[in-house]
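Guided by the hints, dock chain B onto chain A, whose structure is given.
Chain residues, written in single-letter form:
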Amino acid sequence: MKFTSGKDTKEDLFSFTGIKAIYNRYAPRFLGLCYRYCGNREDAEDIMHDGFLNIIRNSSQFKSRGDGSLEAWMKRIMITTSLKYLRDHKKYNKYLVFEPVIEQQDIPDEEDDQSYPDISQDQLLNLILELPVGYRTVFNFYVLENYSHKEIAEMLHCSENTSKTQLMRARAWLQKRIRISEKIEEYGHKETWSR
Amino acid sequence: MDTKKHGLDDLFRNGLADLEMSPSAAGQSQFLKKAKQELRMRRRSAGKWWLPGLAIILGIGLFVGGYLFLRNTTKEPIQKNNVKVTKSQKTAGKSTFGIVTRSFIKTTNPQNPGTTANTNSGQLIASRNQAAQTNNHIPLTIKSSKKGNPEDQKTYTSVSIQTSPSSTKVTGQGKMTAITSQTLENKPLSLPEKKESHSLANNDSSKAFDTSSILSNPIKNPEAFSVRNDHKHADDASFNNKIPNIRAGLYYMAERIFNSLDKNKYVNNFGAEGILRYGPYSIGIGIGLSITKAYNEMVITTNPYLGSYQKLDSMTYHWDSRHYYLLKTIYTKPQNVYGTTLNYNYYTLSMQYTYLQIPLTLGYDFLEKNWFTLGVRFGPVMSVLLQTRELNTSYDAGKDKIVMINDISPERINLNWQAMAGINAAFRLSHRFILELEPNLRYYFDSVNEKLSPTAKPWSVGIQASFLINF
Numbered sequence: 000m001k002f003t004s005g006k007d008t009k010e011d012l013f014s015f016t017g018i019k020a021i022y023n024r025y026a027p028r029f030l031g032l033c034y035r036y037c038g039n040r041e042d043a044e045d046i047m048h049d050g051f052l053n054i055i056r057n058s059s060q061f062k063s064r065g066d067g068s069l070e071a072w073m074k075r076i077m078i079t080t081s082l083k084y085l086r087d088h089k090k091y092n093k094y095l096v097f098e099p100v101i102e103q104q105d106i107p108d109e110e111d112d113q114s115y116p117d118i119s120q121d122q123l124l125n126l127i128l129e130l131p132v133g134y135r136t137v138f139n140f141y142v143l144e145n146y147s148h149k150e151i152a153e154m155l156h157c158s159e160n161t162s163k164t165q166l167m168r169a170r171a172w173l174q175k176r177i178r179i180s181e182k183i184e185e186y187g188h189k190e191t192w193s194r
Numbered sequence: 000m001d002t003k004k005h006g007l008d009d010l011f012r013n014g015l016a017d018l019e020m021s022p023s024a025a026g027q028s029q030f031l032k033k034a035k036q037e038l039r040m041r042r043r044s045a046g047k048w049w050l051p052g053l054a055i056i057l058g059i060g061l062f063v064g065g066y067l068f069l070r071n072t073t074k075e076p077i078q079k080n081n082v083k084v085t086k087s088q089k090t091a092g093k094s095t096f097g098i099v100t101r102s103f104i105k106t107t108n109p110q111n112p113g114t115t116a117n118t119n120s121g122q123l124i125a126s127r128n129q130a131a132q133t134n135n136h137i138p139l140t141i142k143s144s145k146k147g148n149p150e151d152q153k154t155y156t157s158v159s160i161q162t163s164p165s166s167t168k169v170t171g172q173g174k175m176t177a178i179t180s181q182t183l184e185n186k187p188l189s190l191p192e193k194k195e196s197h198s199l200a201n202n203d204s205s206k207a208f209d210t211s212s213i214l215s216n217p218i219k220n221p222e223a224f225s226v227r228n229d230h231k232h233a234d235d236a237s238f239n240n241k242i243p244n245i246r247a248g249l250y251y252m253a254e255r256i257f258n259s260l261d262k263n264k265y266v267n268n269f270g271a272e273g274i275l276r277y278g279p280y281s282i283g284i285g286i287g288l289s290i291t292k293a294y295n296e297m298v299i300t301t302n303p304y305l306g307s308y309q310k311l312d313s314m315t316y317h318w319d320s321r322h323y324y325l326l327k328t329i330y331t332k333p334q335n336v337y338g339t340t341l342n343y344n345y346y347t348l349s350m351q352y353t354y355l356q357i358p359l360t361l362g363y364d365f366l367e368k369n370w371f372t373l374g375v376r377f378g379p380v381m382s383v384l385l386q387t388r389e390l391n392t393s394y395d396a397g398k399d400k401i402v403m404i405n406d407i408s409p410e411r412i413n414l415n416w417q418a419m420a421g422i423n424a425a426f427r428l429s430h431r432f433i434l435e436l437e438p439n440l441r442y443y444f445d446s447v448n449e450k451l452s453p454t455a456k457p458w459s460v461g462i463q464a465s466f467l468i469n470f
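Residue numbers (numbering that gives the first Met the number 0), protein chains in the order written: chain A, 0 to 194; chain B, 0 to 470.
The hints are simulated quantities; they were obtained by calculation from the structure and are not laboratory data. Keep in mind it's a predicted model, so treat the numbers as computed, not measured. For each residue, glycine too, the CB sits at the ideal point set by N, CA and C. A portion of the hints provided could be inaccurate.
[As the list claims (entries may be wrong)] Taking lysine-lysine pairs in the BS3-like style, the calculated list, with each CA pair at most 25 Å apart, reads: (1) A:83 x A:62; (2) B:400 x B:32; (3) A:62 x A:74; (4) B:35 x A:83; (5) A:149 x A:83; (6) B:264 x B:33; (7) B:35 x A:62; (8) A:74 x B:35; (9) B:398 x B:310; (10) A:74 x B:32; (11) B:292 x B:398; (12) A:149 x A:74; (13) B:400 x A:83; (14) B:400 x B:310; (15) B:33 x A:74; (16) B:310 x B:327; (17) A:83 x B:32; (18) B:332 x B:400.
[What the hints assert, rightly or not] Here chain B is said to cover these stretches of chain A; the calculated rule only asks that three of the stretch's residues, wherever they fall, bring their Cβ under 8 Å from a Cβ of chain B: (19) 26-38; (20) 69-78.
The shape of chain A in the complex, shown without the other chains (with noise of 0.2 Å):
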């Protein structure tokens, strides 16, 4: 028996019935954006419910811009939910607070035209899990949200240099890593990628 329409409306927000929709539809999607963040399953999920009662409790809040601001919209409280709930608890928050970088210059944004291989989705998730907290926050914030330096700076209470040298040390860190996998599939090593 199927209730929901196909479209999420502003009003699915305020029923229980909607709830239930949106969230039988956007759960897994949620539960990996906060499984990105926090590296562990069971606080992803406590994440993600956090998340959705705080998408119930400013419901009124939301403004339809068409079609997918409302994904747009809870997919922005579920990131902020994330961090703070990182930055709530003591095995997260220590590595969120970030050394202040001395460059007076702005870091310019490297490019990066190599070439990498093909990594199947666990690979990259594990490749992600395994970076520091701050690494994987920023790296996450910039490659996967596209947020800009600006914002992850606002959000962090950093500076934007200290946004861009964490990004680049994340990126220095994952290449190095895939950089070691190749190797060691060439010499024939079993090596597996999760941890």
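For chain B alone, kept in the frame of chain A given last:
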């Protein structure tokens, strides 16, 4: 955002774009409980809960205010009727006619200025065995005010008493006789030979009756009943028109709803109501409960039971020194084995919903008889969901393992409004008691259930029976 191309970014961006993970069933059910609570709290805080209070206060205010207003507009100042004895009668003492409750008749006797005659609002009752024993026959002339409102009729009655020297005996005739002879003092009167007349005249007297004939045969003199039945007439007037009055009582309504999600179903409504009437118009407010049953469809996901085995719990060893043998003790416990296949079982859960119902009705009676009134009633009805109860909570999954329970029926909404219109037939059982029957039609402005897609609004037909007391 910087727009420079970065291969590593693209690799992760494309690879993780559709990353999805399934939440656990336990976490999902826990969240849905929290979401339900959150929605309830939000609805309460959204301010919808002041609506019932406002409706009650508004209804009561209209009710009481209307009653007070109408009562004040129809009330007239009380006038005392002085009854003059136009021709004196010689009495040794005072002559008192009846016991006064709301008015009195004062007789002015030139010889005995202090002589007074009191009447009991026109109900001058003389018992047959206590007939007045006087030397003179005293025909009574009763003047009843036909004008004015019934209150006046009830309160003020003028009586003219004519005394005849030849007959001083007044004989009561049943309960309608108009003199309380009990209070007459039977002292000899020294009257002139000619016919004397005691005229107890009302200020606006227009008609007089000879009470001697009334007393002798009251049935043939229905006018006399106008004195006796003034009180009843006043009640009749209040029943039909002119005077506001209040009725209150209990009601029960059987209702059948159409266009609801549970198909067509019955609803029982009962409660108390108060009605303020003024002429053919009425306004009523009630408070009651509405109880209905519904069926929620559940999907119960189970893993099939495959069998069981004895699972090793622990082992102990004891050295038997006599036999040089290590004695082994094995402890096991039964362990069920379930398959990983998910079976979906549909289960119907019987629910009972209780609503607080506050109807506000406006009415107009277009046909009125003494015992029967026919009119129309219409107005809004507000329903607030008070309680949800599961009638059958047990589900037997057998040996299968229940993985998840999902209620796929939409939730009930907490507040809905209805418009009601009906035909009201009121039967007057007695002076106090009234039975009303009212077939009516209701249109629900909101659906009973939460629905995402717009559907036709529910409507209902019902018949209401009310037992009312007329105050």
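Checked hints:
1. Distance check on the hinted pair: residue 83 of chain A and residue 62 of chain A sit about 23 Å apart at the alpha-carbon level, within 25 Å; holds.
2. In summary, the hint linking residue 400 of chain B to residue 32 of chain B is supported, as the alpha carbons are separated by about 21 Å, within the 25 Å threshold.
3. A C-alpha spacing of about 14 Å is found between residue 62 of chain A and residue 74 of chain A, which places the hinted pair at or below 25 Å, so the restraint holds.
4. Using a Cα cut-off of 25 Å, the hinted pair residue 35 of chain B and residue 83 of chain A holds, with the two alpha carbons roughly 24 Å apart.
5. Of the supplied pair hints, the one linking residue 149 of chain A and residue 83 of chain A holds, its CA atoms being roughly 18 Å apart against a limit of 25 Å.
6. For the hint pairing residue 264 of chain B with residue 33 of chain B, the CA-to-CA distance comes to about 31 Å; that exceeds 25 Å, so the pair is violated.
7. At roughly 23 Å between alpha-carbon atoms, residue 35 of chain B and residue 62 of chain A fall within 25 Å of each other, so this suggested pair holds.
8. Proposed proximity of residue 74 of chain A and residue 35 of chain B is supported: the alpha carbons are some 21 Å apart, at most 25 Å.
9. Between residue 398 of chain B and residue 310 of chain B, the direct Cα distance comes to roughly 18 Å. Compliance with the 25 Å bound is thereby established for this hinted pair.
10. For a cut-off of 25 Å, the pair hint linking residue 74 of chain A to residue 32 of chain B stands: about 22 Å separates their Cα positions.
11. At most 25 Å may separate the alpha-carbon atoms for a hinted pair to count; residue 292 of chain B and residue 398 of chain B exceed this at roughly 30 Å.
12. Taking the CA atoms of residue 149 of chain A and residue 74 of chain A, the gap is about 19 Å. The hint holds against a cut of 25 Å.
13. For the given pair, residue 400 of chain B sits about 37 Å from residue 83 of chain A by alpha-carbon distance, which is inconsistent with the 25 Å threshold.
14. At roughly 18 Å between alpha-carbon atoms, residue 400 of chain B and residue 310 of chain B fall within 25 Å of each other, so this suggested pair holds.
15. A C-alpha spacing of about 20 Å is found between residue 33 of chain B and residue 74 of chain A, which places the hinted pair at or below 25 Å, so the restraint holds.
16. As the CA atoms of residue 310 of chain B and residue 327 of chain B are separated by approximately 16 Å, the hinted pair is consistent with the 25 Å bound.
17. Between residue 83 of chain A and residue 32 of chain B the alpha-carbon distance is near 23 Å, which keeps this suggested pair within the 25 Å criterion.
18. Proximity of residue 332 of chain B to residue 400 of chain B is assessed by CA-CA distance (about 18 Å); at most 25 Å being required, the pair is judged to hold.
19. Given as covered by chain B, the segment 26-38 of chain A passes the check, having 8 residues with a CB less than 8 Å from a CB of that chain where 3 are the minimum.
20. Judged by the Cβ-Cβ criterion of 8 Å, the segment 69-78 of chain A is not covered by chain B as claimed, because only 0 of its residues qualify and three are needed.
Checked against the numbered hints above, the structure breaks hints 6, 11, 13 and 20 and satisfies the rest.
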